[in-house]
Every structure is written in C-alpha cells, then in structure tokens.
Amino acid sequence: MRVHVADHPLITHKLTVLRDVNTPSPVFRSLVEELMTLLAYEGTRNVRVEPVDIETPIAPTTGVRIAEPKPLVVPILRAGLGMLEGMVKLVPTAEVGFLGMARNEETLEPTTYAERLPDDLSGRQCFVLDPMLATGGSLAAAMEYLFQRGADDVTAICILATPEGLEAVEKAMHGREVTIVLGAVDERLNEHGFIVPGLGDAGDRLYGTV
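Every number in the numbering used here is 29 more than the matching position in the sequence shown, counting from 1.
Fair warning: there could be bad hints in the mix.
In silico SDA-like pairs for lysine to any residue, Cα to Cα no more than 25 Å straight-line [unchecked claim]:
{"#": "1", "residue 1": "LYS200", "residue 2": "ASP182"}
{"#": "2", "residue 1": "LYS43", "residue 2": "ARG31"}
{"#": "3", "residue 1": "LYS43", "residue 2": "PHE223"}
{"#": "4", "residue 1": "LYS43", "residue 2": "GLU62"}
{"#": "5", "residue 1": "LYS43", "residue 2": "ASP182"}
{"#": "6", "residue 1": "LYS118", "residue 2": "GLN177"}
{"#": "7", "residue 1": "LYS118", "residue 2": "THR66"}
{"#": "8", "residue 1": "LYS43", "residue 2": "GLY227"}
{"#": "9", "residue 1": "LYS200", "residue 2": "LEU235"}
{"#": "10", "residue 1": "LYS118", "residue 2": "LEU60"}
{"#": "11", "residue 1": "LYS99", "residue 2": "ARG77"}
{"#": "12", "residue 1": "LYS200", "residue 2": "GLY222"}
{"#": "13", "residue 1": "LYS118", "residue 2": "VAL56"}
{"#": "14", "residue 1": "LYS99", "residue 2": "VAL56"}
{"#": "15", "residue 1": "LYS118", "residue 2": "PHE223"}
{"#": "16", "residue 1": "LYS43", "residue 2": "LYS200"}
{"#": "17", "residue 1": "LYS43", "residue 2": "ARG77"}
{"#": "18", "residue 1": "LYS99", "residue 2": "ILE87"}
{"#": "19", "residue 1": "LYS43", "residue 2": "ARG74"}
{"#": "20", "residue 1": "LYS99", "residue 2": "HIS33"}
{"#": "21", "residue 1": "LYS118", "residue 2": "GLU71"}
{"#": "22", "residue 1": "LYS118", "residue 2": "GLU144"}
{"#": "23", "residue 1": "LYS99", "residue 2": "LYS43"}
{"#": "24", "residue 1": "LYS118", "residue 2": "VAL81"}
{"#": "25", "residue 1": "LYS200", "residue 2": "VAL56"}
{"#": "26", "residue 1": "LYS118", "residue 2": "THR140"}
{"#": "27", "residue 1": "LYS200", "residue 2": "VAL214"}
{"#": "28", "residue 1": "LYS118", "residue 2": "ASP36"}
{"#": "29", "residue 1": "LYS118", "residue 2": "GLU63"}
{"#": "30", "residue 1": "LYS118", "residue 2": "GLY222"}
{"#": "31", "residue 1": "LYS200", "residue 2": "LEU218"}
It is worth saying that the hints were derived from the structure and are not from the lab. From a predicted model like this one, the values you see are computed outputs, not experimental measurements.
Can you build the whole structure from these sequences, using the hints too?
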C-alpha cells in the first residue's frame, strides 16, 4: 500500500481553517472543494493516458489525453459528495459512481446502504473520495467492493487519516496495490472512533446539521 501525504503550505493552511470549530458551513464546503483539487492533483499523478495527434495554430504535434476506459470517481456518501466537485473540475472526463456507507456508532463497523456503480469495472482506475479515514472500515469496504467488480487500480483521496485507520486498510487489502493520498495524518482515534485532533464530523459540518 502506498501512502502519500501532500505536504504543502496551502494544504496545511486550508486544513487549519477547516479544523476551526468557528468555521461556518459555507466556508467549510468551499475549503473542502479547494483542498480536494489540490489533493486530486497528487492523486491523479499516475492516471492513464494515451497519445493523440493534434494541430496547433503553428504545426502538428502529439500530446496525450485521458485513456479509455475513463477513470471512475466514487465519493462515499454523504461526506464524500463535498469532495466531488473539486475532483471533476480537475478530471472533467471522468465518470462518477456512488457508494452509500454508514458507520455503526456502537460497533464502528461499516454498512452499505446504497450503490450506483457499473457492474463491470475491469481495467478501470477508480478514485475513492472520503474526507476522513478514521477506523478505516468504510474505506477498506469501499475498496474491496470495487476490486470485487473488477477494478485493478484503486486510489483513495482523504483529507485526514489516523495511523490506526491506515494500518486497518493495509491489513484488509491483503497485499493489493492501492494508493492513499492524504492532506495529513493526525495523532490517533479516540474512544468514540473520531480523529484527534481532527475536524469533527465532516458530513455535519459540510451540510450544517451539527
């Protein structure tokens, strides 16, 4: 499993504002989108491309375009929706699927309550969007779901993670080649399964349901 922490002053600055309990939902949403674009730049570093011949105003040349089959972007509902716009701005030709997953707050285990994905993901690069990699259960389950449908290259993009969550995902992947791109790795999980220091419940803060 490859883990890349995007250590950049702009990312750290935006994360600081996100963490602040006094940041209102509209600002929080805007910052998540901005952060996602920065993280997506790192996450798509190995996106597959193919050569294409074009004409410039001066002369013919060869460039590249996103290869077929197109990448699939999969936000985990509901908090992952806040990251979607930032991703598709960077990769507008990508297709979008959805996974609805919820964590049982007593057992901390994930359950899938909705999905909208192609039946066959053979040969597809998939990008999973989930702001918080806390226990790792939801992200590991989402990645396994995609692999079972034939995906052969899965990258997760998260704003924050914990060491415990990263360890859990690595164990659940059983040696599969996956990539996780992060804004930061925080200290730990608390006894309720929340990231410390974290930023609270990302879904609640995105949509004003605190």
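Practice item. Compare the distance between the alpha carbons of LYS118 and THR140 with 25 Å, and conclude whether the hinted pair is satisfied. Key: Judged against 25 Å, a Cα distance of about 30 Å means the pair is violated.
Point to revise | Holds or violated: LYS43 to GLY227, with C-alpha atoms at most 25 Å apart | key: Answer holds: LYS43 to GLY227 is near 13 Å, not above 25 Å.
Practice item. Sort out whether ASP182 lies within 25 Å of LYS200, counting only the CA atoms. Key: holds, 17 Å
Practice item. Would you mind confirming whether the straight-line C-alpha gap from LYS200 to VAL56 stays at or under 25 Å? Key: Cα-Cα ~36 Å, so violated.
Point to revise | Pair hint outcome, LYS99 versus VAL56 [Cα-Cα no greater than 25 Å] | key: violated, 32 Å
Practice item. Would you mind confirming whether the straight-line C-alpha gap from LYS200 to VAL214 stays at or under 25 Å? Key: With a Cα-Cα distance of about 18 Å, the restraint between LYS200 and VAL214 holds, given a limit of 25 Å.
Point to revise | Straight-line alpha-carbon gap LYS118 to THR66, limit 25 Å | key: This hinted pair holds, its Cα atoms lying about 7 Å apart.
Check your understanding: Given the hinted pair LYS99 and ILE87, is their alpha-carbon gap at most 25 Å?
Key -> It is violated: about 30 Å lies between the C-alpha atoms, which goes past 25 Å.
Review point. Given the hint that LYS118 pairs with GLU71, does the C-alpha gap stay at or below 25 Å?
Key: holds, 14 Å
**Study point:** Agreement of LYS99 and LYS43 with the hint, judged by alpha carbon distance not exceeding 25 Å
**Key:** violated, 30 Å
Exercise for review: Below or equal to 25 Å on CA atoms is what counts here, so check LYS118 against PHE223.
Suggested key: Given pair LYS118, PHE223 is violated - Cα atoms ~30 Å apart, limit 25 Å.
Review point. Is LYS200 close enough to LEU235, meaning Cα to Cα at most 25 Å?
Key: violated, 30 Å
Comparing the model with each numbered hint stated earlier shows that hints 5, 6, 9, 14, 15, 16, 17, 18, 23, 25, 26, 30 do not hold.
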